[in-house]
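S.K.: Dock chains B, C and D against the given chain A, drawing on the hints supplied.
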Amino acid sequence: MSNNLIEFRNLRTNFYTGSGVVKAVNDVSFSIREGETLCVVGESGCGKSVTAMSLMRLVATPGKIVGGEILYKGEDLLKLKEREMRYLRGNEIAMIFQDPMSSLNPVLTIGHQIAEPLRIHKKLSKQEAKKKSIELIELVGIPRAAKIYDSYPHELSGGMRQRIMIAIALSCDPKLLIADEPTTALDVTIQAQILDLMRDIKKEFNTAIMMITHDLGVVAEMADHVVVMYAGKVIEEAPVHELFNNPKHPYTQGLLKAKPVISNRQDRLYTIPGQVPNPVELGENCYFNDRCEHCMEICVQKQPDLNIYDNKHKAACWLYEKEGK
Amino acid sequence: MKQFLIRRILQMIPTLIGVSIILFSVFSMVPGNFIDSNQTISAERAAELKHIHGLDKPATERYFIWASNALKGDFGYSFQHKVDVTTVIDRYIWNSVLIAAFSMIFTWIIAIFIGVFSAVKKYSLYDGIITFIVFGLMSLPSFFLGLLAIKFIAVDMGWAPVGGMYTTGSSATGFAKVFDLLEHMILPVTVLTALGVGGLTRYFRTSMLDIINQDYIRTARAKGVKESTVIFKHALRNALIPAITLLGFELPALFSGAMITEKIFNWPGIGRVYLDALNYRDYFLLMGYLMFLSFLTVLGNLLADTLYGLVDPRVRLK
Amino acid sequence: MTQPLIEVKDLKKYFPITGGVFQRTVGHVKAVDGVSFSLNKGEALGLVGESGCGKSTTGRTVLRLLEKSGGSVHFKGTDLHSLNKKDLRAMRPKIQLVFQDPYSSLNPRIKVGEAIGEALVDHGIVSRSEVRDRVKEILSICGLAPYHIDRYPHEFSGGQRQRIGIARSLILKPEFMVLDEPVSALDVSIQAQIINLLTDLQEQNDLTYLFISHDLSVVEHLCNRVGVMYLGSMVEMASRDELFSNPLHPYTKALLSAVPVPDPTKKPERIVLQGDIPSPANPPSGCKFHTRCPFAKDICKQQIPEYKDAGSNHYVACHFAGEF
Amino acid sequence: MSQVTANPNVTTAAEPKVKSASPWVLAFRQVRQSKLAIFGIVMLLLMFLICFFGPFFSPYTIDTLNIRNGNKAPSAAHWLGTDNLGRDILLRVMLAGRISLLVGFVAMMVSVSIGSLLGAIAGFYRGWVDTIIMRIIDIMMSIPSLPLLIILGSILSDWKIPPSERIYIVMFMLGILSWPGLARLVRGQILSLREQEFMQAAESLGLRDSKKIFRHLLPNTIPIIIVNATLAVGGAILMESVLSYLGLGVVPPTPSWGNMISAANNLIDFQKRPWLWIPPGVCVFITVMSFNFVGDALRDAFDPKSKSKR
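Chains as they are written, first to last, in UniProt numbering: chain A, 1 to 325; chain B, 1 to 318; chain C, 1 to 324; chain D, 1 to 310.
Honestly, the hints are just simulated from the structure, not real lab data.
No experiment lies behind these values; they were computed from the predicted model shown.
Virtual Cβ for every residue (Gly too), placed ideally from N, Cα, C.
Any given hint could turn out to be false.
As the list claims (entries may be wrong) - Which bits of chain C does chain A cover? Going by a derived footprint, with three or more residues having C-beta under 8 Å, they are:
{"id": "1", "segment": "96-102"}
{"id": "2", "segment": "213-224"}
{"id": "3", "segment": "241-255"}
{"id": "4", "segment": "283-290"}
With the rest of the complex left out, here is chain A:
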């Protein structure tokens, strides 16, 4: 059983906005094993991207990490000096983002942007970096790599730019690749190409992937382990088959039923009523209580803990509290 590459322990990240303090990441704990693909799934505003940015320590103001630990190979990243953290970024922990159209610097050539991490972390010379960059462009499946090396981002399509982002992330063969909704902005046929590419990379380099998405289809296809987040908290966590066959938390069940699925059409879609609560006014209760069908007395008064149940299946819900250890 490969040991844990990353361990989130009670991570807290708050945003101090004009209208009050938003607990974007509220006491989040889970871990990512080497060579494993973990999917963090949830709707907008649930804190999945902030969790990733906290791992990279790139939380922009007015956000601030206020508590907890993030262990990487046993070392707490939050305690590292900025210089030490910078050494890891792009080298051992790499990240790709959602919108390929704006993630590349429009006035620098593609080659320059791929070579940058190589020159910083691997100290390669200009020539060596150029050669390695062209290899990387070919690796991610883009033809005429030499020509692409000298071209500018606006000359490439969305799919090709996302491949370049992956090439940049892989340049220093990282231990962990964080992908924040990498295919949301792409057309479905291009998305299929990118997901295939990421699966090949995982097989070839045994890179652990932390995939952030709101699309359950992508989760089913890519994930080994799944974490479901809602309003800043982890409400369920389980291996992918366990989660899809036997979802415990009402919200996860709702999500699975609400999504229309090709060739098993329902008459009427199940809907989760209401909408995500206002992040500033969250009290000491289960945040899903006002939208939950099984809402009980206790759900409105006390917040459930994330307890572990059968074969590594965790859930934070009073329905299961009695059996939980």
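M.R.: This is chains B, C and D only, laid out in the frame that chain A set:
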């Protein structure tokens, strides 16, 4: 690119014609002219002079004479300086360019540094002070700043000469002369820089603030790039590109001569010559100078757009 | 066979590309290049395809929000594109459009109540005094509270704003509604609420939908007939069950197989199309899909395939439809 | 588990107490948060009160000449001293303030009304109307404004226009020369608004042109007009002071901050009696800076992008 240039040049022509019509109609409203205001010459001589220079013909006719000469590069005769307008302009303009160039260089260097730092240290005390000073400089009337500079720096402190280009009557040559010139340039250049730096700093601060929030800056940081490189390579390069267009607009300012500052510091530039020409109602010189300035402005706009096309890879001017 | 509500024949919409010194037109982007379909009352036709396939342009040209470059659009027998300005304006309430982006489709500076009611008053359907009650009524039908009438758009979530957009069209009692990716910008749980709302409204008001989306699963749920577009042309059109169970065009097959299915047990064996979507400014010769089609032959490169009925109203435009 | 009623998720709770804030109120709240804007507003109010109501409290009147009392330094009797004719400088600065502020506002009104009207027309009715207006704007913006104003000023002097009428002509001159800038901004705003989906919605709803312009386009253009109007007042005051300093704008005996500063042209006054020309200069500086602060704060408040920064 060639087609773009042709199209823009073709567009310049109607604009310049329009400008010349407006200027000429304004001038035809000027009741007096050099000859009338000069009492020393007799009436017949005045009529004769006016005839030679075609001042007695109706306005529309005069416009076409003037315009046709202008196309041939002859902007008419300056009564006051008793020499062709073009020579007058050529004689004084380089003095203006001297202080304008220096102040432009200083303005840009200061504006880039202050603008970038106040954007990076957003909402800090440093940023607050800078914004206050920048707004102050933008709100000062140019002559008042000049007067204050002379009063407190030149007169009370005596750190710099009060005005003029050289110490009157000095026969210094070579390095001594250059040093004397530089000393005289201190105040005008400082005032011009102070007047110019406000707007540009605000421009760099706003555009840097916008760029720092872009996704590709986040990507650069995620690649482990040093913060200083992120700011000065990734961000600043994106801010400099639109700034190039501002360089185009500096062209007219470079040659127009800072009228007020030159008047206050008694600097023999084209701006000051323009003001004096006004008192003498030196008709053709005023007209020639204004047309020259308008031409520079239009050329500046063209230069700005062309520079933008050359520098920004996204805008390959097809 | 009663006359269809909407009849679109060989619709074309070209956007000029200008160049040269005098900005002369040097070429065209053929956004919509000869699309035909018809819609009967109460039907819901889905238009699916990837970016640049022209589905949104088709929707707007059908409503004559964009002037056509060719072909014709008949609504209940009247040719929309030949109406004068006044008649077209009078026709507007019957043919409505719902937008994709809930944030930019509402004027931020006027109250929601006015946004919904202003067209009603402007068309003189209802007097100014009655409009307020009608707006409150339509608000609750669309799942909002009556007291929302005096609120401003910035006080609503994405899902609520989409309900306002729907209410704004619904209050005019339209017969035909074009829905341009109405749920693409929303989260899954909110998406389901809006989809159910649209289904209920169609039943209660006997509406006819032209539903435009890139999400095949949503289209399968809502529409009874589906058309697949690629680079400005219709490549396949059939009833929902026929198209999803027995796709004939290779592009439709690839599209269906590319959609990730939320079931980990299903191994994703899919046709992965190589290369990128070509630019609509200079589409490939012959069959536009031949540059990415795994079964492309020489004929595909030269000859444009005919869009014909391959039996039981299953139209397809491919030389080798169904032979692989 | 099918939903029973057509709208299962309407929140039936009673109307929550929160009062809905219009975008105008939101913008005002954001302006109130900027310290510089508050400073600007306070200074402007002070300046208005002093200039328009101060003279009533001053013991002196505009025409009390008292040569013996001339050129006195600031004292208890004359807080800002007296000029060569023995007139009280403080009173003159206040009266001059009225003129300069008036010139600033009227010039702004002129340029805003012409600018937004032509800008709106060019933006909405494109085609040849737009091309003509844009051509006029190009021409007017190619002529450097200061040199042209100076010539127009000298023309006024040559035509011997009496000082009292001259002020109004100066106001119109400043307005006439500054409207193209605003027109171009308004046109740009209208063109960008037309691409917004809520304008396409107005088209799809079949609203009349008048509704589109006055309920949708104009309310969303007003913010840009307000911001630039505020900055235009400052700009006009600055330009007037330059013109008057050169003796081509507001000419004595009508006092204006600009022509009071021209007192500095006299060498002795310049060095020995700074109280003659420094106070009006400081007034121009503070007034224009305050307008810039308020204008800038308004620009941030109305700019939708900046909302995310808060």
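S.K.: Against this structure, judge whether each hint is valid.
M.R.: Evaluation of the provided hints:
no.: 1; hint: 96-102; in the structure: violated (count 0)
no.: 2; hint: 213-224; in the structure: holds (count 6)
no.: 3; hint: 241-255; in the structure: holds (count 4)
no.: 4; hint: 283-290; in the structure: violated (count 0)
The structure does not agree with the numbered hints 1, 4 stated previously, though it agrees with the rest.
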